[in-house]
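**Q** Please construct the entire structure, taking both the sequences and the accompanying hints into account.
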Amino acid sequence: MSAKWRRTFWSWAFLMPFVVLVLFPFTVMFVTAIKPATEVLNPTWWPSQIQWRNFVTMWEATNFGPALWNSVYVSVVSTGLAISVSIPAAYALSRYQFTGKGFFRQFLIVSQMLSPMVLVIGLFKLVVWLGILDNVNSVVFVYAAFNIAFTVWMLQSYFSTIPKDLEEAAWMEGASPFKALVKVFLPLAIPAVTVTAIFSFINAWNEFVIALTMLRRQESYTLPIQIFSLVAGRYTIEWHHVMAAALVATIPVAIIFAWLQRYLVRGLAIGAVK
Amino acid sequence: MKRTWLLSVAGAALLSLNATAQADTLRVTVAEYSSKTGPYFEEAATAFEAANPETDVQIEVVPWDVLLQKLTTDISGGANADLSIIGTRWLIDFVDQGIAAPFDSYMSDEFNDRFFPTFLSPSVMDDKTYGLPIAASARAMYYNKDLFEQAGISQVPNTWEDLAAAAEKIAALGDDVYGYGMQGKEIETDVYFYYAFWAYGGNLIDADGTSGLDSEAGYQAAKLYKSMIDGGLTQPGVTSNTREDVQNLFKRGKVGMMITAPFLSSQIATEAPELSYGVAAIPEGPSGARGTYGVTDSMIMFENSEVKETAWKFLDMLFEAEWRSKFTGGEGFLPVNKAVAAEPAFADNADLKAFAAVLPDARFAPVIPGWEEIAAATSDALQTIYLGDGEVEATLDGAAEKIDRILGN
Amino acid sequence: MTRSPFTNPYVLILPGFLLSAFIILWPLFQLGNISLSEVNRFGQIRGFAGFENYLAVFNDPDFYGALWRTLIWTFGIVIGSIGTALPIAIVLHEDFYGRGLARVIIMLPWAVSLTMTAIVWRWALSGESGMLNSALMGLGLIDTNIQWLAQSSTAFPMQILIGILVTVPFTVTIFLGGLSSIPDDLYEAARLEGANPFQLFARITLPLIRPFLNIAIVLNTIYVFNSFPIIWATTQGGPANSTDILVTYLYKLGFRFGKLGEASALSIMMFALLLFFTLIYVVLAMRGEKE
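Sequence order for the protein chains is A, B and C. 1 is the number of the first residue of the first sequence in the working numbering; add one for each residue after it. 1001 is the number of the first residue of the second sequence in the working numbering; add one for each residue after it. 2001 is the number of the first residue of the third sequence in the working numbering; add one for each residue after it.
Honestly, the hints are just simulated from the structure, not real lab data. We put the beta carbon where it would ideally sit given N, CA and C, even for glycine. Since no wrong hints were added, every one of them can be taken at face value.
For each label pair, taking beta carbons as the anchor points, the in silico distance ranges come out as:
{"hint": "1", "chain 1": "C", "residue 1": "L2101", "chain 2": "A", "residue 2": "V72", "range": "21 to 27 Å"}
{"hint": "2", "chain 1": "B", "residue 1": "T1159", "chain 2": "C", "residue 2": "F2276", "range": "57 to 63 Å"}
{"hint": "3", "chain 1": "A", "residue 1": "A13", "chain 2": "C", "residue 2": "N2059", "range": "52 to 58 Å"}
{"hint": "4", "chain 1": "A", "residue 1": "W59", "chain 2": "C", "residue 2": "G2065", "range": "40 to 46 Å"}
{"hint": "5", "chain 1": "B", "residue 1": "G1232", "chain 2": "A", "residue 2": "F14", "range": "41 to 47 Å"}
{"hint": "6", "chain 1": "C", "residue 1": "E2038", "chain 2": "A", "residue 2": "W259", "range": "52 to 58 Å"}
{"hint": "7", "chain 1": "C", "residue 1": "F2058", "chain 2": "B", "residue 2": "G1152", "range": "54 to 60 Å"}
{"hint": "8", "chain 1": "C", "residue 1": "L2055", "chain 2": "A", "residue 2": "V56", "range": "56 to 62 Å"}
To give a feel for the contact side, a few chain A residues facing chain B, derived at Cβ under 7 Å:
{"hint": "9", "residue": "V128"}
{"hint": "10", "residue": "L133"}
{"hint": "11", "residue": "T213"}
{"hint": "12", "residue": "R217"}
{"hint": "13", "residue": "Y235"}
**A** The structure is reproduced here in structure tokens:
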């Protein structure tokens, strides 16, 4: 037991500088968010009084609820779409040798190389042509497509660690390849799929440039755009609202992290096989 | 075929755009000045829809910083709105490319007469009116009365020399109090310099169509600013201070003087109500020349709009005194309608009076394509000077050369 | 073995391929088209321009400064974040009290949109009203305010530091995923043979997380190279273009100055540059794997 305590001490000591750096901006957000409006511009760390009410006024003033819902919708649906087309592709890459395999992998990397900033004009014309402008689904569609490269890569790396024997055994017993995939392979791959899905979810949750270009009415704004619109060029910026909004937007993702990190434990992917 | 397939892949087909195909849909892009802008236009849209039940008005609120980007993508994709707010300094590009439609055929004399000509004229090109001034402001000098009193300054500076002297006295008050708040970052860094440049007799574009930066006026104004920075009369780190940063310092009572637009008054009223301040004209130069910057934002109508009649009806309503007064008061701008200016809330406002007094000296951004690039070249040169990375003359000469190239000389 | 569409790899990769091809190739074609055309300020094509747009970019002295800083920016952040993330991931992989909490804290920057993080840092770095100066002064580390963003000599390193800070969570998570896929028995067997921790790392951990290391390097290079919000929100590439990288320069060119033709040409050039670097890396990494 004392070995673990010693390890605990050294681990935290090692992580401490980074933990401080990470928490610094969050502390800034928090302290600013609870300051009374008249004190926001003073860089003090101890406000004269704590105003929890700021969170309530922020919620109303910034139209936070609908934006939160849009963000959740966009992130969940685009992740679902990306994962459902990535699983078969990653499975093919990890299980089969075929002509064009190398090309497909390279194509996926290359597809990541154009920054959204560069592509906005082309993407915008595409969305106009499809007739889904100012529809949150346009964003869903683009996010899913952008995430495919990453999700296929990640899934393939995990899938390759799952031994082939079990599917082959299922085939021997007469199961169809589809059945083997769904009944035998996928259950083993669940941790990998979960982790990858969360990457995709976070990318969509935080994406900014595409949402800014495609969404035009406040009702369809996602959280990053909604918060950005509070600071971008207004003549007066209500910083306590901005910081409160940014902080609250972090909470759902932080909860996901707390849940995700359990899947990142040694042997989980493999352990299930045994 | 492909379209339907893609849509079903993308999820539920919520085609809100087609939902109201029967009625006239009027789309309006508005730039967000403050948290009041969106609600104001929504209210106007509701009122308009009540009076015109067959019309659906869609307000699209866009943050100022990305307005030009969004208009560019919209126009390139052929998906622009029917009406939009733009910075009047961009208008020439919209007119040159045939994107903005002239209003003349709709404008009656009565309508024309609602405006102060000073604010309407920047949107007139080739004798046609392409924009209606939705917002207008000018710049004047704000000063902190308490700091003036502590430093023993009884007279509000009238010349730039007085200003430097007053700044020196205020700066001597303490380590964290600064005489003259100076902007050195981001939008309007160049304008902050023009206040002095104009006073010394400079012109942005000389009579021969070349840049006026490489002139005696340019050198003098830049040297004045540089000496104030070096002498500790300004806040430190000028090149990291945007207009908002300097305004924030002023609100906290840390800056003796600064030059900015009337909206600072409404900000002070809510954020720093106990601050005691005054508004005065921007100081004059050795020859008595003076200049303030006038800015308008215009509402334009797109040439490709299919609902121009409806769009005009909406504009006619927006530019009535009642709606104008609400907007102007809420956002802290100068009245562009004569009727609004006569209302007691505006006519009796001491700060606005000070701004109205400087209007005759107001200069607007010159009507030339590529103005944004010229402004950026000027700001870059000024930052180089403020940082001490370049000699005043050489740096301004280099900027002038660059500007001449942009101007096509 | 039964024949089935589920054993045909082409059928399996088709949906993913189509979806990503559609969203990449069409806009890419548009971009190439604009870069060779005369376009007006609103992206409407007015005629053929040949390579004029490309030449205009090459003739702009600001381009070379931005290019150089992009290289420093990219390599600085990628090397910095990999170098920080690997030890952090290894520590976070050990079993200690509060590990779950530590993991959540380390991943936290990733939970905030980059734009927002950049805005918060700008607010914190402000010279006279910034909470960083106020904190450093409270701790007695400085006695006058530092004007972080006033000159590139302090602004640019700070921006790289923020870049590292926001890249580490993603990288740590990839590494943790990689570490978690290494079976325990490998370590046990090696320990029985008397391997020390360093040998365990060099012989087992490093080779086995290599694919994940490669993912992290390639993807981070791509993302950082194209990363816009940190620099834009803190300095907009200023003062006097001294913190401009290619993406911010591109943004000014395209959306501020309305030179969409030149901006498109620059995008194509950036794409080619990134492709070049990635190819070199992939070739090197593959050679390394073979050895």
